[in-house]
Amino acid sequence: MTGRSADKSVNADKGSGLFGNRLRRKEALTGYLFILPALIGLIAFFAFPTIRAAQISLTNWNLMRPAHWIGFDNYGKLWADGKFWDSMQITLLYVIYNIPLQTALGLIIAVLADRLAKSVLFRAVIIAPYLISNVVAGLVWLLMLDPLIGLTNAFLTGIGIPPQSFLSSPDQALISVAGISIWRHVGFTALLFYAGLQSIPRDLYEAARLDGASESAMFRMITLPLLRPVMVFVLVTSVVGSFQVFDVIAVTTQGGPANSTRAVLWYIYENAFQFSRMGYASAMSMVLFVFLILVTLLQMRLLRADSSDLG
Amino acid sequence: MSTKLNLPKLFGYAGLAVFGIISLLPIWMALKTAITMPTDVFSTANSLWVNNPVFGNFLRVLGLPSDVPPPANSGSPINFMIALRNSVIYTGLLVTGQLFFSSLAAYAFARLRFPGRDAIFYSFIAATMIPSIVLFIPNFILIRQLGLLNSFAGMVAPNILMLPFAVFFLRQFFLSTPKELEEAARLDGLSWFKVYWHIALPLQRGPLATLAILLSIQAWNDFFWPFLVGQKENVQVMAVALANYQSQTGQGQPDWTGLMAAVMLSIIPVLILLVFFGRRIVESLQTSGMK
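If you read the sequences in order, they're chains U and S.
Our numbering puts the first residue of the first sequence at 466, with every later residue one more than the last.
Our numbering puts the first residue of the second sequence at 21, with every later residue one more than the last.
Because the hints were derived from the structure by calculation, they are not lab data.
Since we're looking at a predicted model, the values are computed, not measured.
Be aware that a few hints might be false.
Listed next, with one range per pair, are the computed distances between beta-carbon atoms [to be verified]:
id : chain 1 : residue 1 : chain 2 : residue 2 : range
1  : U       : 769       : S       : 146       : 35 to 41 Å
2  : U       : 765       : S       : 197       : 42 to 48 Å
3  : S       : 143       : U       : 625       : 54 to 60 Å
4  : U       : 673       : S       : 218       : 17 to 23 Å
Residues from chain U shown here face chain S by an in silico Cβ test under 7 Å; the list is partial [as the list claims (entries may be wrong)]:
id : residue
5  : 502
6  : 527
7  : 529
8  : 530
9  : 531
10 : 590
11 : 704
12 : 706
13 : 709
14 : 720
15 : 746
16 : 750
From the three backbone atoms N, C-alpha and C, an ideal C-beta is built for every residue, glycine too.
Input sequences plus hints: build the corresponding full structure.
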């Protein structure tokens, strides 16, 4: 090290001697060298493709003919494309089926586990579905929900409910896909809430109990507010993730039956990789990008993500 | 345990038990189906166990000689032995690269001083905001133009050099470790790379192992990108092979026993990791929501 004054700023090249300069320049060079592979990855596969996607969205490229610049035509087409808005609506519905139930169940399980089952074994059990892939979760539930051999219908019949067609019914397919996703993710959500609960000081509850607060009052006044940082993380990541549902649909319904599960990512995928409409698909992906940024900002705002309840 | 078991507590335990069962039952049913004779699938559908378990379904989806004949309705067989091998190669390549390049970058972000350091670091974090589909279309075109479709190089290229989560994760650990040892080594004339490789990295053995487990599970489960660029038999990973095997079924009943045997083959490595490293996995996932 070359002394305190030189440490202050990397840019302060002058005034600390030639030796110090050389050392610092070498350190900076080493730094760039160390991050170079990752930086190449960032530029080549994240930054550059994002710009390229915006560019392609202004063309009619279909991989066969050279791309023609068509301005904002794809966006105009998208605006008038009923199928696109249907897919957005299906996705929104999917998010609505998915998120509230998953979050509420995760919270309930976390609170129960915090009180009654602190062993790591229980957490390992509930995290198991999260560790297997969406594809496998989809296939396993294809078996569980099968109208002929699925255990779910056997169970329903057992308690006096007529068998349902689940994934093969236009009315139930989307809910079924959401159910599969909830099954896979709820344990992880519960785990995050559980970790949040561990960080709440226990004497808060003791003080509240001395003041005669009821269980539900303590949950509303202590647990929920102090879980807000975790809640923000859970909601922001799971909502953005839900809007991008794809894998489970790919192995269970492929957008059907009767397009009832044609979520927006499936529709973009069809356009890009089945019909080679790269320009149009890119335009849709850009719209989705902007939409997801807005959704995230809105959530941060609603959840007051930047302020704390402690202190 | 107190003798006074109150009712809410009892309901609580019951709820947790039901939830635990729901978590595991579908996996159990997949296993049960995998060891069922194809001809018995319908007659044993509602039972939780089969009386005469067979292993032939595993053998036949692995392309090995098997005494269990495939059902008449099964499509053209997919060799899951090759898919398993491909998954191992894909996961191995990806995780090795991610660990090396991400730890190198994380070390620089934590310890070295260079102009623009923090701005570059935050742009890494910002990259996680971009939806994958936005990137998949141009990246697919790039990989196609490079002639890397259906190659491991094309499959690992987009994520092998940098994974924002890994950089972020390791930077935190480097930052929370005292740097006196590294400074002493620098004064002794060790190069920055040697300090990183021989001193800083070995100190992070625990976090690196945890990260390796998490990244392996994630890579093993990857689907969308390998599905787009790795469809040929010699590169298709388990998740892609499973989806293809299922989609060739058409309208009829799939080859349930073969499909579930392949499903079990794909999740057994993950379940083994969970059994051996359960605490480590649970605790590291648990903290992934904290920042």
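Evaluation of the provided hints:
1. U:769 to S:146: 35 to 41 Å: Taking Cβ atoms as reference, residue 769 of chain U and residue 146 of chain S lie about 22 Å apart, which means the hint is violated.
2. U:765 to S:197: 42 to 48 Å: Given a distance of about 32 Å, which is not inside 42 to 48 Å, the answer is violated.
3. S:143 to U:625: 54 to 60 Å: At 58 Å between Cβs, range holds.
4. U:673 to S:218: 17 to 23 Å: violated (53 Å)
5. 502: Residue 502 of chain U check passes; min Cβ-Cβ to chain S is 4 Å, inside 7 Å.
6. 527: With a minimum Cβ separation of about 11 Å from chain S (threshold 7 Å), the hint on residue 527 of chain U is violated.
7. 529: violated (13 Å)
8. 530: violated (14 Å)
9. 531: violated (13 Å)
10. 590: It holds, given that the least Cβ distance between residue 590 of chain U and chain S is near 5 Å, below 7 Å.
11. 704: Given a least distance of 12 Å, the restraint on residue 704 of chain U is violated.
12. 706: violated (10 Å)
13. 709: Result: holds, 6 Å to nearest chain S Cβ.
14. 720: It is violated, given that the least Cβ distance between residue 720 of chain U and chain S is near 12 Å, above 7 Å.
15. 746: Because about 6 Å separates residue 746 of chain U from the closest Cβ in chain S, which is inside the 7 Å limit, the hint holds.
16. 750: Interface hint status for residue 750 of chain U: holds (5 Å vs cutoff 7 Å).
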